[in-house]
Each structure stands twice: as C-alpha cells, then as structure tokens.
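Using the sequences and the hints, build the whole thing.
2 protein chains.
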Amino acid sequence: MKDVTGQKVLRDSRVTLAHGGGGKAMRDLIESVFTDVFEPDGMEDQARLTAEALAVPGARLAMTTDSFVVTPVEFPGGDIGKLAVCGTVNDLAVGGATPLYLSAAFIIEEGTEIALLRRIVATMRDEADKAGVRIVTGDTKVVGRGSADQVFITTTGVGVIAPGVELKAGNVRPGDVAIVNGVLGDHGACILAARGDMALSSDLVSDCAGLGHLMAAVQAACPNVRAARDCTRGGLASALNEIAEAAGVAVEIEEDALPLRAEVKGTCEILGLDPLYLANEGRLVLFVPEDEAEAALAAMRSVPEGEGATVIGRAKPAPAGQVTMRTLFGGARIVDMLVGEQLPRIC
Amino acid sequence: MKDVTGQKVLRDSRVTLAHGGGGKAMRDLIESVFTDVFEPDGMEDQARLTAEALAVPGARLAMTTDSFVVTPVEFPGGDIGKLAVCGTVNDLAVGGATPLYLSAAFIIEEGTEIALLRRIVATMRDEADKAGVRIVTGDTKVVGRGSADQVFITTTGVGVIAPGVELKAGNVRPGDVAIVNGVLGDHGACILAARGDMALSSDLVSDCAGLGHLMAAVQAACPNVRAARDCTRGGLASALNEIAEAAGVAVEIEEDALPLRAEVKGTCEILGLDPLYLANEGRLVLFVPEDEAEAALAAMRSVPEGEGATVIGRAKPAPAGQVTMRTLFGGARIVDMLVGEQLPRIC
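So the sequences go chain by chain: A and B. Once you know that position 150 of the first sequence is 150 in UniProt numbering, the rest is easy, because the numbers rise by one and skip nothing. Once you know that position 229 of the second sequence is 229 in UniProt numbering, the rest is easy, because the numbers rise by one and skip nothing.
It should be emphasised that the hints constitute simulated quantities derived from the structure, not laboratory data. Quick caveat: nothing in here was measured; it's all calculated off a predicted structure. Just to be clear, a hint being listed does not mean it is correct.
Same chains, same names: a pair is fine if it fits in one copy or spans any two.
[Unchecked claim] Once the Cα atoms are required to be at most 25 Å apart in a straight line, the calculated SDA-like pairs of lysine to any residue come out as: (1) Lys24 x Asp274; (2) Lys168 x Ala194; (3) Lys168 x Tyr101; (4) Lys265 x Pro344; (5) Lys130 x Gly175; (6) Lys168 x Ala51; (7) Lys130 x Glu39.
Here it is, written out as structure tokens:
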C-alpha cells in the first residue's frame, strides 16, 4: 500500500511478531521504516561496495562492532540511533581509520511504537550523513513482549586505514601529552537524570557526537599522534588504564585540569559517583608527543566537537601500567580500572 | 586471576551487570570467555585487516549483518552461535562473495550461565574454522533480568566479490532451472519440537550449515549461475517470491520434486503448517541456465552440504512475479509471500 507520494504506508502503529516473520509484513516494515530512509543501493541481502581507498597498496580494512542497549532509548541530546552511529564511527576514527560503511541490525520488542522506530532511523540517517558514512545493509528481528526492552541496535563499521597510519595504545611513550576534546561525563549524568528514578532535575545534554572529522584534523596536523581512545563505558579512567597497561607507561593526570561542568560534579557528589568513570559518547583522550601538543589542540579546536580541547596530563616512565591523579590538595591517588558496575545500560 | 595453564579463570558462574560495566569484570569476561577462543590479533577496539583479494582491480567488498534471537538457544544440531556464524557466512556466499571476516556482538541477560556462553563461543569458533572465516572483533553488553532472553548475537560479515561475479535475483531468466541443496524445513520443524510446547517427540536435527564451500564449488563449475538465496525466515516460498519479483519472471515448482522428510511432512500436517514456509538454515535455492544444471548438481553433490541437491522447478516467462506449484494431483496453486507470522524467533 502506497500513499499519493508513492511512499509505502504502514497501517500498524506498533510492531507485531508478524513484522519479524520473513513475509509480507516484514517487507512492508523494512521498506517503510528502514530502506526508504537509508536508501541502500539494492535489495540483495548483502551490500556490494567499491572502495578505491582499499585498493591502495598498504591500506588496511578496519572493522568494529557494538551493540547498543541504552535506556531510555531517547534522552536529551540524542537517542539510541545516534549512539549507534556515533559509537561505531568513533571506534573506527580513534584507531586512525576513515569510516566508510555501516550495517545496522535491530532487535525490536513486540509492541514497540513504529513512530519511535521512525525517529530513531531518522537520527541514524542524519548522523551518518554528518559523519560521511553510509548505512548499507541491515536486519530486523522481532521478539515477544518482555524478551527485549523496546529496541536494541547493533552497528558494525568498516573503514580504511591509510598506509603508514598506526595509532595504538601500545605506541604511547613517556613524555607524551594527554588531551581530551571537551567536558567529561555529560552523557553518563544526562542518562542518569533522564531515567527519572533519582528525581534529579537537569539541563544536561548528552555529549554524543561523531568524532571522525576531529580525528582527521588531528591526524593531518600531527604526523606522530600515538593513540586515541573514546571514553565510553568505564569513562576516562578505563581508557587511561588500557593505554597505560598496553604501553607499559604510567599516566599522570591533574585534577584541576579535568574539564567538568558544575552540574556533573554536583550530580556525582550527591550520588557518590566518580566523574572519571562516567560514560561519554563524544569524548576521546589523545596522546601526542610533547612537540605536537599545540598543533593537536589547535586542530581539535578547529572542529565543533573539539572546541573544549584541553591538556589533562601526560605519560611518565613508571610505575608501568599505573594511572594516578594529582589532586587539588596536592596529593596523588591511584585511578584504577572500574570495579563492579557504575551504571548499567549507559550505551 | 590465571590458572596453572595461564588461562584466565572466571570465578562467577553467571553473568552479572558488572560484566557489562566497562571495568575489570567486563575485561575478565571478555578475555576468559571470548578472546581466548576467538584469538583476535590485538586488543584494540577495531580489527585491522589486510585482504589481498580486495586490492584486485574490480573486486568489491560484500557486507551483511544479522541478529540472532532463536529460542531455545541450544537445539538438536546446533545452537545460536552456529546459526550466527552460518547465517552470515551464507548471506555472503549466496551473493557470490568469498566470506573473510566476521564480527560478533553479544547482548546477554543478567543471570545467563557462563558455561552456556562458553559452549556457544566454542561452536562459533568451530563453525568459523570450517567456513574459513575469522571472528576478528566483537562486543558484549549485559542487560538486567527480563530485558533480554538469555543471549542475542549479531554477526556482521565482510567478504570479497571477485571481478566479474554478479549473482543477483534480477538475473534469473525464463528457462533457468531451480535447484535446492537438500531436504527442506528441518530447522523450522526441529526448533518447533525443541520448544517442547507442542509435545512433539522428534529425532529431527537442524539443517544449520555453512554454505560457502558449496557456493564456491557451484561457481567454479557454472560460469553463468544467475542467483542463489538461502531459505531462512519465510522458507523456500519467500526466497522464490523475491526472485520472481526481482527478475520479473514466473517460477513454477513441482510438489513431487520437493525434498521433504516424512517427519517434517507429518509435523506440518499435525500443526497446519506449510513446509514451503518453514525456515532452513543450511538450505539454498539456486538458479542456473538449463545447460549448466547438470554441472551445478554435480558440484553441489561434491560437498557434504549439497548431497541432497535436486531440481525443484524452473523460471517461466509469465505471469511475472508469480510463484506456482504443480501439485501431486495435477493442479496448480499460487505460492505467495508469507502473510503474518508462522513461527517467531526461529533464527
């Protein structure tokens, strides 16, 4: 059934098990809600892609995947679809890859509003356009009520790593400078407030953003950038611990250099949370040699996602694998990996 | 914590929310259950892959994704992990691509047994080895009890389509011969029996299998193979309807040529199901020009997954888009797309 503009009309307002059954209802849902927006090149099960960048001798294919289960699925500053596109774009970008193509697989709970799916899909298309990637293939599955929570999305991204590019945690050396691209913890604190069960009123907006353009700017400006990590689950603390361990260096950060909104600090104080472990979805930490730090800051600040770029610390020779923070009072404390769970379903 | 063999020991017997939190518990789960078995090249978030086949001028990258939500997660002949690997390998293979790399993302319900995850991961590794693909990157998320049903897996596959290869539904022409690789409906009937709520006792085993080697054999033997489709959700009927519609041809199949086990026929008769719509996870339908049909049959029968290969019908000029079946009694009936839902969570 099509309307006067030729667009497929879906009569249902909620997803039923029939929409996952492989028949007519599924095809109608896919065409009306997904492929009309994502506009893949064909309706074969597989996308068929040409990528000249991959044919360059020495180029490598980058591949990464993430499932998104955030609750609530819509929150100030974004929704699960924005997270799914940005999260996968960022995983490619922080590894030095140029993101090219995404797949998107949806697990949908029976009874989910189709209008909600349409909003999520529209966000995904917008974010993909901004990031310069295409969503080329996908899948939908429907499960009964109570067997999932509204919608889960798994995005997989492929990109290309240009010859000679080698960003990895193990590259960080003593003396390298650690830079973040903006205030920390907004996403975690925003989701916490959006859940409503803490009765926190908040104007916080998730920091969710694609960081592909930022990474491209940094790589162009800093030929020796060592490594970058997006600070998602487990926050800045986990990213720094991974880097310290992989590189066999110590990392020392300065508490008074950490960019934090008063509101995020306040939320953490009330709830006994540590902002170092709060999730971010548009923040990364970057290590560059000291003589490239100024160039990296300038490059980051040249794009909107890096306006708040600032140095937070540096790598030291020892003790290997340890992250410490010099506190406002002049002491030092160890910043360990997160133990236990701070906030489930944050992304 | 490591045991005497150096293997990481996980003290928990069930998954907790902490295993999804981005901290120490998550890292222990990932190392102990997933990466120790999948053995990716590094512990960066992204896999970095070289593929000489992709650098060949004219080669294309194939990409496909599927989420798996089958219940029960373990069944005669396989488990959700086997489905996840075979399903994605098959989506690549039926499009003429050589499968190369897979990603695997797990959404796990709190309380799921870690021993179950280990069995699933072991199956995935086995199937990937059989198919000649590598599982190169992955993700785990944990959701609370009741927010998912044990474990959902999303696999994404990339492969390479050699220059000049062009298998697609739209290529099928009148006169082409339709071939399936074995008995139909075993997977659907097996899952139905495994759920136990029908009180069917059954010796049926899922047909779940990777079809990459079969497709490679057919492509080597038949330079003009037109199209192939795996007959998963929606069964043979849906695959044939998609082909008939895309190619603008009619497809006529013969009821007495359809390979069906007596047990599957019986299950369908008791429950009022149509075997044409039963899901298969190791069956495909292939269209080849008439003069290549013998070569295709021989090629299929040369591999274990094609031992039961048989001709089931052919493409005709009209009526375009229609699939009909000549019945045992000499009549003909239209085989339409599945309407509604036959069996939820079959894959």
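We went through each hint and held it up to the structure:
In this homomeric assembly, Lys24 and Asp274 come within 25 Å of each other (Cα to Cα) only across copies, at 16 Å, whereas the closest approach inside a single copy is 50 Å. Taking the shortest alpha-carbon separations for Lys168 and Ala194, neither the intra-copy value of 35 Å nor the inter-copy value of 46 Å comes in at or below 25 Å. When the C-alpha separation of Lys168 and Tyr101 is checked against a cutoff of 25 Å, the pair qualifies both within a copy, at 22 Å, and between copies, at 21 Å. Taking CA atoms no more than 25 Å apart as the test, Lys265 paired with Pro344 passes inside one copy only; the shortest distance there is 20 Å, against 47 Å between copies.
In this assembly of identical chains, the alpha carbons of Lys130 and Gly175 never lie at most 25 Å apart, being 35 Å within a copy and 47 Å across copies at closest. Taking the closest pair of Cα atoms, Lys168 and Ala51 come within 25 Å of each other both inside a single copy (24 Å) and across two copies (20 Å). In this homomeric assembly, Lys130 and Glu39 come within 25 Å of each other (Cα to Cα) only inside a single copy, at 16 Å, whereas the closest approach across copies is 34 Å.
In this structure, the earlier hints numbered 2 and 5 are contradicted, and the remaining ones agree with it.
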